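*Asks:* Residue numbers (numbering that gives the first Met the number 0), protein chains in the order written: chain A, 0 to 502; chain B, 0 to 152.
Don't read these hints as lab results, they were simulated from the structure.
Here the structure is a predicted model, which is why all the values come from computation and not from measurement.
Ideal placement from N, C-alpha and C gives every residue a C-beta, glycine not left out.
Using C-beta positions, here's what the derived DEER-type ranges look like:
no. : chain 1 : residue 1 : chain 2 : residue 2 : range
1   : A       : Pro418    : B       : Gln5      : 16 to 26 Å
2   : A       : Phe195    : B       : Trp94     : 23 to 33 Å
3   : A       : Val479    : B       : Ser64     : 20 to 30 Å
4   : A       : Tyr52     : B       : Val23     : 36 to 46 Å
5   : B       : Leu133    : A       : Val484    : 47 to 57 Å
6   : A       : Tyr52     : B       : Thr73     : 32 to 42 Å
Residue-level listing of the chains:
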Amino acid sequence: MELLDNLALGFGTALSLENVFYCFVGVLFGTLIGVLPGIGPLATIAMLLPITYKMSDPTTALIMLAGIYYGAQYGGSTTAILVNLPGETSSVVTTLDGYQMARNGRPGPALAIAAIGSFFAGTVATIMIAAAAPPMSEIAFKFGPAEYFSLMVMGLIAAVVLAHGSVVKALGMVVFGLLLGMIGTDVNSGVARFSFDIPELTDGLNFTAVAMGIFGFGEIISNLEQRENREVFTKKVGRLLPSMAEFKASIAPIIRGTALGSFLGVLPGGGAVLSSFTSYAIEKKLSKTPERFGKGAIEGVAGPEAANNAGAQASFIPMLTLGIPTNAVMALMVAGMMIHNIQPGPQVMTSNPTLFWGLIASMWIGNAMLVVLNLPLIGIWIKLLTVPYRILYPAILLFCCVGVYSVNNNVFDVFITIPFAILGYVFRKFSCEPAPLLLGLVLGQLMEEYLRRAMTISRGDWSIFVTRPLSLTLLLIAAVLLVIVFLPAIAKKRDEAFAEEAD
Amino acid sequence: MRIRNQQDFWAGVMFTGIGVLFAVFSTAYEIGTAARMGPGYFPLMLGILLAILGLIIAWRSTSPSHPESRLAKTGWREILLILGAVALFGATLSWLGMVISIVLLIFVAAIASHEFSWKETVVSIVVLLIMSELVFVKGLELQFPVWPKFLTN
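Please take these sequences and the hints and turn them into a complete structure.
*Replies:* Here it is in structure tokens:
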């Protein structure tokens with residue numbers, strides 16, 4: 000069994016003392032920062048990215064980064080349940096019933112079922128990644144420049160369609176991101192583009208600085224504008240384990256959520272978001288007592304939490320096998336890999352099998368650690384939640400500044416965050432979703448490169464994109480996706496599906 | 000013509016403006032042909048595309064079927080203080096060192112809160128300074144000038 004061999008290799012790598020230790024550190028720090036209200040996984044990873052720079056072994060660095068990701072993701076669920084504040088959009092649904100459970104005096108079971116559901120989903124998703132990765136990479140090796148270009152077009156369109164909010168505005172954000180990606184030295188001619196004689200800009204925009212400005216600082220400013228008013232359950236959490244009845248009620252939703260997340264998570268864009276919302280809708284439809292939803296139904300926590308975790312993990316598949324990040328967090332992971340001189344793509348699996356399989360195995364280990372960490376330590380997380388925002392945000396600001404500075408040990412990157420913080424603030428005012436911009440920024444240079452190569456091969460004939468069957472298929476999928484969202488009937492349904500998020 | 004959706008209208012204006020800017024600057028570089036693209040080719044295409052998208056967004060915002068929205072008011076005070084604190088940190092770090100720049104960053108940032116208190120801010124600064132020394136300097140061994148240049152040289 001090749002799969003078992005691969006997993007054995009992976010666990011052999013991931014279970015080394017050093018890797019287990021850094022996985023633990025990553026999960027711990029990720030949870031610690033992710034639990035802080037108003038900081039999602041993206042800002043957490045950006046903030047903690049510098050810790051991994053010093054590591055000599057890229058495998059260890061990536062294992063730690065992945066650990067930070069699960070930790071932050073999970074921390075978001077804790078705040079969703081206890082404070083009614085989702086750390087990110089994919090935990091929005093958890094606030095609906097999780098917070099009500101906490102108010103009804105059942106925060107313990109809500110947290111426990113979220114942890115158990117996530118762990119189960121994580122286990123299944125890990126196996127799925129291990130099984131799906133080799134065939135995906137096989138396909139990737141058949142890709143020429145035209146196919147890669149079309150794949151990126153499809154990926155970006157899908158990201159836009161599956162994200163929430165206006166599709167046209169999201170398209171605008173993608174193109175804006177692609178344009179920002181043009182800043183820096185053109186690989187073919189060596190010309191510095193849009194650098195305005197600023198030497199630091201000839202290397203292109205620092206991805207961490209852009210992400211930090213838009214997400215980190217933009218967020219802080221918006222939070223400060225609205226005076227805070229939150230109710231934290233500092234009283235005893237009490238019974239942690241769900242009752243037998245609660246447990247039984249959760250099994251089916253967890254399984255359904257896992258299946259949904261593993262499937263939808265591979266899609267670009269809002270994989271995790273879409274799966275958690277769909278899971279909630281399905282559980283409510285299937286329930287004999289749908290009126291309990293929104294008032295503390297445990298199924299409304301179990302399903303979406305499993306879906307969200309499976310989705311988050313499945314989003315590693317396109318990044319690891321095709322080298323294409325499907326969401327902003329994966330874009331940061333790509334940045335993390337590139338710092339260690341690893342260009343993600345199908346060749347990683349063959350050229351660096353210990354890294355590849357070690358990372359996959361560590362996903363399961365990280366998920367197991369989350370359960371171990373979160374349930375007994377819940378008291379500590381609750382204490383953290385009671386720290387008022389006015390004390391937290393200056394510390395967050397400091398961490399962000401130090402993080403950005405230490406990428407290149409250069410204050411220029413600190414200054415670059417400022418215009419992007421203003422942009423991030425403006426995007427919020429105009430309700431433009433910023434995640435597609437980051438995707439565009441990461442893919443900009445790659446897309447241009449593939450476009451150029453494809454057009455050189457075809458001697459300037461644009462039809463190369465439609466005469467090659469694989470490329471044509473990808474473009475057709477993109478076109479169908481676009482047509483679908485603009486059909487009036489479906490546009491309305493889509494608005495309804497995302498409407499709950501607006502609350 | 001009435002702007003029903005202010006958010007969309009201004010988003011459209013922003014995209015068009017940015018698209019036009021990039022397109023104009025792209026023409027400073029060699030454009031080339033489709034078979035042999037110069038450094039200006041792809042950015043020029045993208046700039047034009049963004050400008051068109053912006054126009055569509057702005058135009059749609061005036062349509063009667065479009066949902067209404069207004070722009071929320073701008074929190075100038077918060078923007079200035081938070082970004083000012085970041086700028087101050089960047090400007091002072093290299094020559095005044097980590098300790099002083101952290102004090103400035105936390106102090107200016109803390110003023111942005113509606114519940115500013117001297118006592119809390121001083122405690123925050125002290126705690127964060129100790130933590131930075133332990134985590135950044137000792138733990139992660141980041142390359143930081145800790146004290147002002149003129150004191151260490």
